[in-house]
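For the protein sequence lines, the chains are A and B, in the order given. Position one of the first sequence corresponds to residue 60 (this note's numbering), numbered consecutively onward. Position one of the second sequence corresponds to residue 60 (this note's numbering), numbered consecutively onward.
Just so you know, the hints here were simulated from the structure itself, not pulled from any lab data. Just so you know, even glycine gets a beta-carbon here, dropped at the ideal spot from N, CA and C. There could be a bad hint or two in this list.
Here are some, though not all, of the chain A residues that point toward chain B, as calculated from beta-carbon distances under 8 Å [stated by the list, open to error]:
#	residue
1	A89
2	R93
3	S94
4	A96
5	S159
6	H205
7	G250
8	G379
9	Q380
10	P395
11	S469
There are 2 protein chains.
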Amino acid sequence: MSDALPRRRFLQSAGAAAVWVPTTVKGYSAEEMRSRALDDELQVEVSKWELDTPALCVDLDALEANLRRMQEAVARNGIATRPHAKTHKCPQIARLQMESGSVGICAAKVSEAEVLLEHGLQSVLMTTPNVTPSKIQRAMRLRARHGGFIQATDSPENARDLSAAAVAAGITAEVVIDVDPGAHRTGIAPGRPALELAQLVDRLPGLRLAGMLCYDGGSQHVRGFQERRAQTLARLEPAVETRAMMLRTGLSTEIFSGGGTGTYNIDHANAGFTDVQAGSYVFMDAQYLAIGGATDPEVYSDFEPSLTILTTVLNSQHEGQVTTDAGTKACTLNQPWPIVKGEAGMTYRAGSDEFGTLRYDDPSRTYRAGDKLELIVSHCDPVVNLYDQMYAVRNDRVRAIWQIAARGKSV
Amino acid sequence: MSDALPRRRFLQSAGAAAVWVPTTVKGYSAEEMRSRALDDELQVEVSKWELDTPALCVDLDALEANLRRMQEAVARNGIATRPHAKTHKCPQIARLQMESGSVGICAAKVSEAEVLLEHGLQSVLMTTPNVTPSKIQRAMRLRARHGGFIQATDSPENARDLSAAAVAAGITAEVVIDVDPGAHRTGIAPGRPALELAQLVDRLPGLRLAGMLCYDGGSQHVRGFQERRAQTLARLEPAVETRAMMLRTGLSTEIFSGGGTGTYNIDHANAGFTDVQAGSYVFMDAQYLAIGGATDPEVYSDFEPSLTILTTVLNSQHEGQVTTDAGTKACTLNQPWPIVKGEAGMTYRAGSDEFGTLRYDDPSRTYRAGDKLELIVSHCDPVVNLYDQMYAVRNDRVRAIWQIAARGKSV
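I would like the entire structure built from these sequences, with the hints used as guidance.
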């Protein structure tokens, strides 16, 4: 059996001071890696290139730089971050976000909020209304146990249900109203309907109004900074007016949350806006790289890609293409497809459930079965949701194993 | 809080004798359901409509009918089934397949094979070559512990690596050669290269040749039975010739495995073909329904859709559309999109990570937040891979909770 060092043609360590190279290379399964960790911290020297693949890795230098850049930008603009955990589903990363200065964490589903609060996060805003008796009860149980739980609502009927459940549980629920930016996905219409909902929440015995949210998801990936800015400011205008109406009538507007990685440096232009719900900025992905930024119209370089998938060449018997072990179940079907890190003239496709296909232009290239490649993910949120753990890496060395504790928590 | 019975407009019980209706309806989380089960069997009466959503359900009547139909068909045609567990990733379903008469189970990844063998399945054929030292060791450990493990190989170098690892482990590995049907994904070229690989496997000290496989994945979803039949028989012809060459030179052809749900009633026409690796037949999905069958050119009705996702309406404030809680993370991005069971004039989209959108033509329809819908899945394999468990249902009542023990085992 060949025990040669796997060729690492695609190794890139942009920004890293030194690349740690192992003296001997073997392979490690997820179980073997966990047995070498103590409280998540790896106790032995293992290169990421030794991991059995597909393996999800996050580069700590890039992750930390992204946290810092975001926090500096919003602080400069007089607002805060309340990052969305739907992206990473990982309590460790949520803790790093809180340490970087975030005012709280967002969750998309009640099961996600449960995991975050059980793992010690203290302030969690659930951005999706809970509409069934069962899920309303789950949310109220969270509020009873964790004072920092905040719930969104988007209809008078739902607000009454929340209030009744809170009264029955002997608590007061903290509630923000969810205002529709025009996408008609969730949220109440801005203006009078939203104002009346806020007044109702303010009045109901089991509820305390904490403000509002308006998430303009449809603008996050608009290409071109000026186009994106114009679109999202136009879409948020009715919510800004709603906030002014709430303020005039003496209602709480202490929270006016929204925005994301695509608009984090635009959202503060909305009067009264308090915090950005950005998620993808910690990882970045091929979808966000393509939208262009304020300084670079071609590539959105405000944040660094930190999340990659390691994959292994399974078959190299045909010129100009190889088959890898990372297909749809490792990469999702999101497009643009994953990008081979540090390479040009290559296209990767993950359209097959179990296998990826890499095609390359350069006929002088040769690959062997067993070679490893590194992929920048297509769309970070659903990719993370496929993995039980991610490997936290610095200078290509695995430093920790982070459980993706809310993976699959779509309920 | 409203505790009215959730409206179940879309309830369909095709073929079921009686629908069990609960007297009181509450909601159950995954944890609450597990606490009500003993050895997977549910100990209390719970309707599937009481489950917190998104929830993955498998209808036992449909599943059992599919197992029976497949087994009767292949038996009639003088071949067997060796069903692929990449579809269901669930030891319980693999056991039902073995009880229905299958000769073994297939696995796509070594981590999947590990789960199946650890859960008591005895004959597992790993259809993907293992190419790294670490994974070859994992495969050889499986073979050492479980006599029924069979490994595919598709290159002379890999066969030598396997043999060296088997010798080092003091075992003889059982190996089939993987022959490329022309897709150039995995597999060695048919004819002389394949024959020479088979001869090498037969000669190497650590290996025992058990035959061959040739999986023509690209033909499974060809629309129209005759078109599908013509294409797959043409693509398998070189493999059939390879088998004849192997037979003439005295090599083992005891296994000639391949095919799938789209070609299960065609594959026996290949001389020497022994078993179908069908996976999707147990569940069916929107992709397979669209290919048409031998008797029904419009709908592939050879098997019944048994796998569905229950989802809840979150927002119904806009005419002609509702937002649900089952988006990409619950349904994948596979198309055709999920089908609302038993309904026409409706389109469902799962393009948003957390939310689904249902659009309907009939303006007289009304929905309320909290209503539940049932979706036939788009593509069963990657959908199952999103869930930790599936609810086994008969007459709409949850009978058991099946762990999807190999979920996420893409390594």
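Structure-based check of each hint:
no. : hint : verdict
1   : A89  : holds, 7 Å
2   : R93  : violated, 13 Å
3   : S94  : violated, 14 Å
4   : A96  : violated, 17 Å
5   : S159 : violated, 24 Å
6   : H205 : violated, 17 Å
7   : G250 : violated, 14 Å
8   : G379 : violated, 10 Å
9   : Q380 : holds, 7 Å
10  : P395 : violated, 13 Å
11  : S469 : holds, 5 Å
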